[in-house]
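Let's have the full structure, built from the sequences with the hints guiding it.
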Amino acid sequence: MPEVARAEYLEELANLEASALGGLDLVNTALTRTLEAVEHQDVELAQLVVADDDRIDGRYLEVHQALITLLATQSPVATDLRLISSLLHVLKNIERMGDQCVNVCKVIPISGNEPPADEEMVGLILSMGRQTKTLIVQAKRAFEERDAEMAQDLVRQDDVVDNLNRDCFRLAIELGDDADKREWAMTMLLAARAIERIGDNAVDIGEQVAFVVTGLFREFEDASHPEG
Amino acid sequence: MLGAATKRSAPEGSKGEMADSRGVTATSTEPVTAVAGQPAKTIEARDVNLFYGDFQAVEGVSMTIEPNKVTALIGSSGCGKTTFLRSLNRMHELTPGARVEGGITLDGEDVYAPGVDPVAVRRLIGMVFQQPNPFPTMSIYDNVAAGLNLNAKKVSKSQKDAAVERSLRGAHLWDEVKDRLEKPGAGLSGGQQQRLCIARAIAVEPEVLLMDEPCSALDPVATLAIEDLIGELKNRYTIVIVTHNMQQAARASDVTAFFNIEGTGKPGHLVEVGPTQEIFTKPGKQETEDYVSGRFG
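Order-wise, the sequence lines are chains A and B. All residue numbers in the first sequence are consecutive under our numbering, ending with 228. All residue numbers in the second sequence are consecutive under our numbering, ending with 525.
To be clear, the hints were calculated from the coordinates, so they are not data collected in a lab. Backbone N, C-alpha and C define an ideal beta-carbon position, used for all residues, glycine too. Warning: the hint list may mix true and false statements.
To be verified - Which residues of chain B face chain A? A few of them, derived with a C-beta cut under 8 Å, are:
1. F508
2. T509
3. K510
4. P511
5. K513
6. E517
7. V520
8. S521
9. G522
10. F524
Encoded structure:
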C-alpha cells in the first residue's frame, strides 16, 4: 500500500484544530473566574477577566490566519475542507464566548462594592455558569471525538441553561420595590443573558461537529421558527 | 441490446454507418450543426472490461456519462482512466492486441455493434490529446478544415469558410488568428495550438468531446482559458476529460469519476462516480477521500 502523504500538512491541520479547540479551555477558565467574580462581587478579578480576553482574541487571530494560509496553499478538500470551514466558525464562537465573559465582568462594578445581592439570584446565575461550563467541555469533546450524537445532546444541556435564565427573570420581577435591589437585579439579568449566550455558542459548535461528520449543515434548533 | 454487447473483438474497418439522433448519417456531406443549449448525447458504459493482449487494464466499469455536462475521470497513473476514455470512441482497439468486453452505447446505440463504422463513431465522439498536435505543415485554416475534408466530400468553399470560422470562434481562437489563417498551425503558442486542436475536433460537429489531459502541457493562463472553453462547450457537447490535476477536475467538471488500482498489474476499476461538489466535499468512499485529499502519493 502507498504510504500516507502530506504528513507535514496533516500535522499542521491537527495542530491548528488543537489550538482552536484549546480556545475553549481559555473560555472555560474565563467563565470560572467570571462566576467567582459574580459570587464575590470581585471587581479586581472581573478586570483580570476583561484584560485576559486578549489571549482568546489573540488565539482567534492566530489560528484564523493559519487556516486561511492552509486554504490558500494546500487546496484542502473533502473532510479537510469541512474541518477547516468548521474551525473558522468555531473560532468565531469561541471569540464570542470570551466576549460574553467580558460582558458579565463589565457589569459587576456597576452593581457597586456592597450590592444588595440576593442569594437566590446569585445561586441561579452560578448554576447557569456551572451548567454552561459543562456545555463547553462537552462541545470540545464532541468535536475532538467527531461525535455527532454527543454534539446533538448539547441542545438538551442548553435547555437547562435556558430554564435557569427564565428563573432569573421571574425572580428579578419578584424581588420587590427596593430601587437599589431592582437595579442590582437588572445588572444580574444582563449577566444571566450573557451566560445564556455562551451556552448557545456551545450548541453552535455542536452544529459544526455534525457538519464535519455528515457533510450537511443544519441548525439543531431554529430560533426563528421554534415550532418547526 | 446491451446483453448482446459482450465479448467481441474489434471490427475495425467495417463499413457500417452510425446514424445520429437527427437522422443524418455520419458520412453525410452536410456537417450537422449542434445548437447551443440542445441536449447532447448520453454515453452508457455497462460492465466494460478492457484488455491489452492478456493484460486486463480495466475491470467492470459501469457508468452513465450525462449530456451537457463535463465528466472528469481522475485517478493515479495506470488506473485505466485513459484506456477507458479511449474505449468510448473505439480508439482503444487501434492498439494491436487490444480488445473490449462489455457494452458502450451512445444514446442507446451500441458503438461496438457489428456493422458500425469506427470512423463514424470517432466523428461523433471527438478527441483532444495531451500534447497539442496540429498538423505541423498545414495552415491554421487547413488544420481546422482537415476533418471536413476527410468526412464530407462535397463541402463548398463558403461552407468550409463558415465552418472554420465557427469552429475557431467556438474554440475562442478566432480573434487571435483571423488575420493569419494561412500561417502554419505549428507557429502558435501551446495554448493556442490546443485550442486549434479543439477547433479541429468541433469542426466536424461531434456529439461528444473526449479530452485526455488537455492542459497538462500548458501554462496556468492557457490552462484556465481551456477550462473556460470547456465550460462553454458543455452547452453543446457531452464532455469527458481525463486529468491528473484534481483542482482542474474540481474547477471544470460537473461529475467526477474516481478510478483506482489495487496494486501493480491489477486492473483499474471505477471506485466512485458522483457530482463533483460531493466528491470534493463529502465523498462516499474512504478510498476516494484519501485520493482527493492527497493522502496517498
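Of the hints given before, which are not true for this structure? 5
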